[in-house]
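Student: So you can see what is in the structure, the chains are spelled out below.
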Amino acid sequence: EDKVVQSPLSLVVHEGDTVTLNCSYEVTNFRSLLWYKQEKKAPTFLFMLTSSGIEKKSGRLSSILDKKELFSILNITATQTGDSAVYLCAVKTGPDSNYQLIWGAGTKLIIKP
Amino acid sequence: DGGITQSPKYLFRKEGQNVTLSCEQNLNHDAMYWYRQDPGQGLRLIYYSQIVNDFQKGDIAEGYSVSREKKESFPLTVTSAQKNPTAFYLCASSPDSSSYNSPLHFGNGTRLTVT
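Sequence order for the protein chains is G and C. First residue of the first sequence? That's 1 in our numbering, and the numbers climb one at a time after it. First residue of the second sequence? That's 1 in our numbering, and the numbers climb one at a time after it.
Calculated from the structure, these hints are not laboratory results. Just so it is clear, the structure is predicted and the values come from calculations on it, not from any experiment. No residue lacks a Cβ here, since even glycine has one placed at the ideal position from N, Cα and C. Careful: at least some of the hints might be erroneous.
Unchecked claim - Cβ-Cβ distance ranges computed for the label pairs, FRET-style:
1. C:Ser-67 - G:Ser-97: 16 to 26 Å
2. G:Thr-77 - C:Gly-40: 20 to 30 Å
3. C:Lys-70 - G:Asp-17: 25 to 35 Å
4. C:Asn-28 - G:Gly-82: 30 to 40 Å
5. G:Glu-1 - C:Glu-69: 48 to 58 Å
6. G:Asn-75 - C:Thr-77: 17 to 27 Å
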C-alpha cells in the first residue's frame, strides 16, 4: 500500500532557529513530491520536486529530494512567527492520465517569539 | 483575482440531515476535487471530477455525493449515510487531471459540525 510519512508530527522552536521537516514515502510509480503550507485554511503550494539532489529554494525555505532513500526534507532557516503552520507533504503516483496524490499527516510547526 | 471559493466557512447540522457544501472556481480549471481533513491524518480524497458532467469516487466516497453540471461548480452533499461527517472539507482544482506538473489550488475550506 502506498504511504507517505511525515516527521515530526509537531515541533516547537524559537524565532531565529532553523528547522528541518521530513517526508518519507513508499509508493509505486513515483512522479513527484509536493510541499504545501497550511495556516488554518487553504494549503498553499511551496515546492514540487521530481529529481534527486536538486535543491529548490524560495527565500528562507528550501527543499531537496532523495529518490534513492525515498525521502524529502524541507528546511526553514531564521524562522519567524509567520512560519507557524502545518506543513503537508504529498506524493503523486500513477500514470499521467489518472494520477493519485498520497498525503502525509502533516507536521505542525509552532514558532515562539 | 482568480481562485476557489468555498461556502459556508462553518456549518452546523443535526444528525440525519443532508447538507451541501459549495465550491466555485474562476480559474478555468477542468479538474476539481473534494478532500476531507481530520486531525492527525493526511488529506483523504472523497470525489474528483476531470471534466463537466463526469466524476469519480475517491478513497472515501461512501455517504457523499457530488455533481458537476458546470465547469465552475462542484458541490458536495454530505448525506445522512455518512457515519462520521464532522470534519474540515477542502475543495481543490487543477488545470486538468493529467497535468501532473501543476499543483492543486485549494479553497479556504468548510468546517462541518454534526451533532
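Student: Would you pick out the hints that fail for this structure and give their numbers low to high?
Tutor: 3, 5 and 6
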